[in-house]
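Next come the chains, spelled out residue by residue.
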Amino acid sequence: MLQPEPKREVLARRDAIVAGLREILPESGVIAETLRMKPYETDGLPAYRQMPLAVVLPETTEQVAAVLQFLHREGVRVIPRGAGTSLSGGALPLADAVVVGMMRMNRILEIDYADRCATVQAGVTNIGITNAVQGDGFFYAPDPSSQLACMIGGNVGMNSGGAHCLRYGVTANNLLGLRVVTIEGEIIDIGGHHLDAAGYDWLGLLTGSEGQLVVVTEVIVRILRGPEGARAMLAAFNSNEIAGQCVDSIISSGIIPVALEFMDRPAIHACEAFAHAGYPLDAEALLIIEVEGSVAEQDYLLGRIKQICGKFDPISLKVAESAEQSAAIWKGRKGAFGAVGRISPDYLCMDGTIPTGQLPLVLRRIGEMSDACGLKVANIFHAGDGNLHPLIMFDANDPASFATAEKFGADILRLCVEVGGCLTGEHGVGVEKRDLMPVQFSPDDLAQQRRIKDAFDPGWLLNPSKVFPLAAPHTQALAA
Amino acid sequence: MQTNFTAEQLRDPGIATANQILRTCVHCGMCTATCPTFVLLGDELDSPRGRIYLIKDMLESGRPATEEVARHVDRCLSCLSCMTTCPSGVHYMHLVDQARVVIEHTYRRPWHDRAARSLLAGLLPYPGRLRLAMLGASAVRPLRGAVPGNSVLAKRLRAMLALAPKRLPGPSALSGARVHKAEGTKRGRVALLAGCAQSVLDPDINDATIRLLTRLGVEVVVAQGAGCCGALTHHMGKHDPAMASARANIAAWVREADGAGLDAVVINASGCGTTVKDYGFMFRGEREQAQAERVAGLALDISEYLTKIGYAPTRDAPGLTVAYHAACSLQHGQKITGEPKALLRKAGFRVVEPAEGHLCCGSAGTYNIMQPDIAPRLRERKLENLRRTRPDLVAAGNIGCMTQLAGGGLPIVHTVQLLDWMAGGPVPAGINETRFDAGRQMNFSVSA
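Chains A and B, in that order, give the protein sequences.
Okay, so the first sequence: first residue is 1 according to my numbering, each after it adds one.
Okay, so the second sequence: first residue is 1001 according to my numbering, each after it adds one.
Each hint should be verified, as a subset may be incorrect.
[What the hints assert, rightly or not] Okay, derived cross-link-like pairs now, EDC-like style, lysine to aspartate or glutamate, Cα gap no bigger than 16 angstroms in a straight line:
no.: 1; chain 1: B; residue 1: 1238; chain 2: B; residue 2: 1097
no.: 2; chain 1: A; residue 1: 38; chain 2: B; residue 2: 1068
no.: 3; chain 1: A; residue 1: 331; chain 2: B; residue 2: 1068
no.: 4; chain 1: A; residue 1: 376; chain 2: A; residue 2: 284
no.: 5; chain 1: A; residue 1: 38; chain 2: B; residue 2: 1067
no.: 6; chain 1: A; residue 1: 38; chain 2: B; residue 2: 1097
no.: 7; chain 1: A; residue 1: 376; chain 2: A; residue 2: 418
no.: 8; chain 1: A; residue 1: 318; chain 2: A; residue 2: 282
Source of the hints: derived by calculation from the structure; they are not laboratory data.
Every value quoted in this text rests on a predicted model; they were computed, and no experiment measured them.
Start from the sequences, fold in the hints, and give me the full structure.
Structure representation (structure tokens):
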């Protein structure tokens, strides 16, 4: 992985910088010994690794502000980190950067049922929000597959989605307010307990900014009343293309299920081994379709969906008969990426998004590419909103295999752009896709986006070397 | 995940196994969320993924363990919650067990650490010694508040004294190696792991097991020569004594199986059950491998065995609400989750479960003594979650948890004691019968 040249004068002042951080934070909040920093050299994309200058674990917004103020004064780069589950290398350190880990900021600050919102610290896990309110019948809607572990601050940074976003929208659609710290150490509150924050749509701008504009320390999210009930069904087909056509047909009929998920044969086998959900092992492709509402509503929708599926010669159609069966079906889907670890030592998880009408074509082309390069691919993705997650299986102990996997991944993403989609649905650009950004954007587009970063962080200290191709230098920063 | 072992390193079967485990991990980070120490401490180093990374580095480099590696691996409870969570099927248990052995061999701990560990390793697996020590500890227990200082040493001493029961129960009439005849028609024959610490701390657990099984028509043998399962020393990385304990058990049970026959080796302390079920792996490549695998294959938790042969109460439902505390070694180590609850319901109890049931109570073998800063926080968190269920009493399937949670205002008994009670046995000692009759909303008294 190509990294920008570390700032020599920062590396040279390492001891003084660490001493400065120790003055701001308690002893256990600063990690500077080589061995203890080691686990922080990577995130959910362990193919890329880089040891940082130091790691800090603040516990309050004020500590984050003091740390950033100090690092800004010292000209030190900053890598914000939540649970370290990024699949695009969003939390990959730099040799001259301090990792600011938010894991200790894990408190639920306020639950307000009257306004239907919750205020939580950035290090609260996604599922932690739902856990805190589900006893009262509420939930937080966006549900990335890593929701058990991933933290809400990182969800904001990557504008995370999830299986149920087809109905409820992504993080940006469920956010009411943020407390953020600028690189200068200024604390800013945006939004509140209401829809539509004042002024420009700052929430919209900051959501998905990949930790490059501000560090998020507190989040106000909408919480929703849970549905009366929900039921999942499994529809199994003879080929990826047919399943893709079926997705297309369901969506174009006007039905919006809460979730519409796709798995191909390798994925079905890996997930069944983990979750024992009763996935059909003889199928080439499987759709998980979930509807919710009253029992009558569920019955009606499932009936119509079954009718549509029936036109595509399904191998089997099975509706979950109990809450346990539904839970097992989802356990398999949510653990899918890890479960692929059972059939391959390593994988690259792609995250392109395409118009749903292009699904059959794109799946066929991915299959052809897989045959051509000799690497297997498991397709697991949110079919309803066209967000693909092809998992390319490779062997990290074999450098040639990794290079082929990277190229295969890039080709898939180029294809997504070619058919009218985009590079990333929810994992973010990170380091993984930064060099593909010119496929999507013209040089003028990229320059315009860089100017936004300049406005927030003229010194390019916050999570630099992500999102934008390294080849195009950060002109403003270099000029400064 | 990529690994960097040389071909020569990989010829070592231990490294080869570790390599296989590490290659299964995809570094997704799911395990961090359900790890008790990560939840409390919020540092990747105190999460399974962080520890796996530290262990990987230690094994790859071939360097001796450092203070940092020892500190973060020592903080692991071996609760195995991460293994329940892991979608990739990483066998963390085997990896961390191996790391503990490497640390024990290559890292010299501070003197007080070594002393404490030797003391526990020389005491807990030996009922005779432990009983004497416990009598002494019970006597000076009231003085525990007077132990001065904030050093690890002082904290550990206070923790040790706090764990000693106020009154040590006398040795049981049923204890000792012998055969307990089945009542009525004989339906089966099992060996019972009489164990070590449990037989001293709460002998009634074994008694209840024997009473219940014999009443159900099962002959129970406590085999001559069987004793501690080896788990306590195994989790300290003390390989040789652990293997010696296991070897003695294997020999004793194989003798019984070849003699009068065994349908199962029944275990009523789930921490031990996890280890006995792993004997096959522990003895891989050893002379006794086949026998070890045979014994591991016979091992069943008491709840599994009762489910298999069928259990029915003979008393009327007592109208009590039982909070079921899932011991980690049962729910994560052995993946037994449904059986104990189903049996308790069948026995006539209303069963409730606490929030965060997947989080360890902090007992974890000797953890509650060796980690006096973390274990009490986990205990409090567990007790708070249990209290919220408003139970009349708590049932658990592991003596470690029972000791750890005792004295928190909730009566705690072993699941098998409740099952025995409802099938004709005596009221468990943890429950005061008169209070039970007088009004069960009142506090139950706890004898331990």
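- [ ] Quick one: which hint numbers does this structure break? Sort them smallest to largest.
- [x] Those not satisfied are hints 3, 6, 7.
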